[in-house]
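Protein chains in written order, with the UniProt record's numbering: chain U, 1 to 582; chain P, 1 to 357.
Since the hints were derived computationally from the structure, they do not count as laboratory data. Keep in mind the model is a prediction, meaning the values are calculated, not measured. Hints may be right or wrong, so weigh each one.
[Said to hold, decoys possible] Distance windows between CB atoms, simulated: (1) U/377 with P/227: 31 to 37 Å; (2) U/166 with P/350: 51 to 57 Å; (3) P/348 with U/35: 58 to 64 Å; (4) U/371 with P/350: 40 to 46 Å; (5) U/410 with P/260: 41 to 47 Å; (6) P/350 with U/238: 30 to 36 Å; (7) P/60 with U/29: 55 to 61 Å; (8) U/371 with P/60: 45 to 51 Å.
The beta-carbon is built from N, C-alpha and C at its ideal position, and this holds for glycine as well.
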Amino acid sequence: MSPVPLFGRFDPARLFSFKGGVHPETRKHLSAERAIEDMPLPALLRVPLLQHVGAEAEPLVARGDTVLKGQLIGKASGPISANVHAPTSGQVIAVGPFPAPHPSGLPVTTVTIRPDGADRWGPRLAKPHVATAAPETLAAQVAEAGIVGLGGATFPASVKLNLRARYDLDTLIINAAECEPYLTCDDRLMRERADEVADGAGIMARALGVRRVIVAIESNKPLAIEAMTRHRHVLDHVLQIKTVPSQYPMGSEKHLVKTLTGKETPARALTAEMGVVVHNAATAHAVHLALRYGEPLISRVVTVSGRGVARPANLRVPIGTPVADVLAHCGGLVATPERLLLGGPMMGQPIQNPRVPVIKGTNGILALTAGEARDQRVMPCIRCGLCVQVCPMGLTPFELKARIDAGDLDGAARVGLLDCLQCGCCSFACPSNRPLVQTIQYAKGKLAERDSAQHQREEAKRLAAARTARLAAIAEAKRAAMAQRKAEMAAKKKRAGQATTETAAKAPIPPAPSAEAPKAPPAGAQPDVQPAAPTDAPTDVQPGAQPDAQLGAQLGALANAKAGAQVEARADAKADAREAVE
Amino acid sequence: MTAPRLVSGPHTHSRFNVSRTMLAVMVCLTPATLFGLYQFGWPAVLLFGVTVAAAWAAEIACLALAGQPVARFATDGSALLTGWILALSLPPWAPWWVGVAGAGIAIVIGKHVFGGLGQNLFNPAMVARAMLLVALPVKMTAWVAPGPARAGALSFDQALGVTFGGGAPVDAVSGASVLSQIQSQLDAGLAMDQVLAGIGSFQDQFLGLVPGSLGETSALLLLLGGVALILMRVITVVIPLSVIGALYLAAAAAWALAPDRFPPPHYHLASGAVMFCAFFIATDYVTSPITGLGKMLYGVGIGLLIFVIRSWGAFPEGVAFAVLLMNACTPLIDDYVRPRIFGRTRAGKPLELGDRP
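Use the sequences and the hints to build the structure in full.
And the structure:
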């Protein structure tokens, strides 16, 4: 929808947001008035080396090592990865697998630190002069500090700061919508540290080389808006503080961009292609700490809320603090919670084990009582169309579910399965309480699994065909060599016979007709055989050297690589979705 | 502590559920229903009770047969509402077995044969109404004159006789509803102005002081109930507006072309059946399209069909057939009229950079 010229002088964000969305009860009052307090150091910190989208960081410490606060303990590996630092000083008592803060509870490599209580800082990061440093230097410093998207997406922030190289950027949007109910950590951060958040935004704007910085805050945070407006002059920028409607999923990157600029990001494209980069407000604050004080990302503000918690709070929690310790600090649980969540109630992840640690992406710890959580009883779909009305992506969730239930994954994909953001508006609104987004999630996983299996099958088939062709070529070559040798022998014999005659001048004698001769390829074909094999197979397998065993190993390796890529791709997709709804 | 349940999000809900929707519709139907019961007296009360009870009984029986959870599904209010809507569309003094047969048709054939709630292609109440209309044309068009003066004067004992005994006393049954009256008189060769003069004031029709179905006489009360439904966000304005709009425009066009053969358009709207259809029947979630544009097509289709059937059909009232015909088109409409996916064109291709959708 484009603003009519008549309305041109009005702020489009006030007139248009996006189609769909829901207005869940925010219940932010539970924790909105609790000032950020520092969580005391727990007895043990468990710092996973995979807290971000991308590759796991490589451990730089071993059991028994002493670490200082801010010391690098995990080094980013690969283009999409993030550094991990020690949140306090102490002793490393273990480096090994520990359950990840994820519903699966699967283990990731985790560095367990026993704090020594001194909280001694190691050397700080380098602090470049922000006003004069090159954009690359700023981005590199952000990478050095291990900063990732703190809205929950945990995509390495430096990668997004380096988009300047690839796209023509003009706008940085600081996503402070905080559209998830309950969460108040960004709200508090802006109310208490507006100058620092603004400074971080200014630094990021410099790193990106954009001329416009917009801070988008939902209308239900008037005090944050006021505070940010007071500190909008920063570096060489004046931040535009914009109030956006309180509507879930306003924090979705593409929907926020649509609301603020009126531009709709094409399917499968990045907002950067339209010149817009979105970063979270808490990320801006982390950038400020890294560039001004040389502090890496070793703690974050977490909202602890829900009616199952005795004392809702906003805490600055060292990364790696077990969830159980955070809950205990907040007076413990008043009742057995119906759900224990990391993140907001719309897209948060349930956890089973409260010993899992708080990580960079943890913006909330919620203990929901039965009264707050959803009813489990499912009724039939009455086609009321509410899911279609609220879907911010313009999908037909009820139809997707019907198709998925009927096993028609392709049909579901045809009507937009893969465009789903997984924001959960459909399930939230469904009067029959149907598990719509849950079914869609399942189908997406199923589809990815099927595609990967198919890819593996095709790859196996291709390799098998290549092997057959190679073996045939080898046999052919052998036959050709044999034929040639026979011909040479025959020629030699003939020559021996004709040695007495003077007509030896016509040396090359056509081979005598034999059984093999018609099948033998022209002599020139022989050298071709060798290069033919490598073009077929991705890695060269020397013919003859136990081809079966090698092929098997190759297939196995390929399958593993595929599976790995798949897992990564899925993690990416999930992070995309999460990032989308910060 | 015990491990909390592991389920994926969202972990919260809008608290809006099926029963509340059904309840809202019933509340909005109440004024028109009470008015109908008042002006048609005890026989109407008895018929209403019998029909709703029969619908519920049929629902419970079907759920039990299908092995579905009876206690949960039977209390969602959908069967009560179906019975309620059917009762309102019956002649108020029809014998009990018409109501029971109608409720049986609606619930068993109209709904559960297709698989129960949400699965039916056709509006159950309208399936029953159309079947009854075709099977029992006389019983289904035996209207009584309204008002406490005549209908309401019946004692409860007499009413029992009407509903469960030998039927309505002959003298209580007045000829026809307004539309059938217009049509038969036109057929008889009378001029339009004579016809209109003979059928009573427009005001009476709009208020509902005319013969007609149990709950369909008062266009005013149905309109008010419908507006309440829209305000409560149970339905959107699209279907009612397009049904009424299409009917009005078609009738106006016909009337402008041949004022001697077609009644003025507002006579169509003054019949409560149109208001009932536009706000309460055509808007049935299960059998209407999902998208706004789809709803509009559907509503316009119903409006036009009502006009066509009323003007040229064999039945003076075309609502049931119009709704059923458009119900049949709903899957088609839903398949072709889809919402535009964010970031894509209507055709499903990704937008070009810089495009405005």
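Verification of the hints:
| no. | hint | in the structure |
| --- | --- | --- |
| 1 | U/377 with P/227: 31 to 37 Å | 32 Å, holds |
| 2 | U/166 with P/350: 51 to 57 Å | 19 Å, violated |
| 3 | P/348 with U/35: 58 to 64 Å | 49 Å, violated |
| 4 | U/371 with P/350: 40 to 46 Å | 43 Å, holds |
| 5 | U/410 with P/260: 41 to 47 Å | 59 Å, violated |
| 6 | P/350 with U/238: 30 to 36 Å | 35 Å, holds |
| 7 | P/60 with U/29: 55 to 61 Å | 44 Å, violated |
| 8 | U/371 with P/60: 45 to 51 Å | 31 Å, violated |
Of the numbered hints stated above, those contradicted by the structure are hints 2, 3, 5, 7, 8, listed in ascending order.
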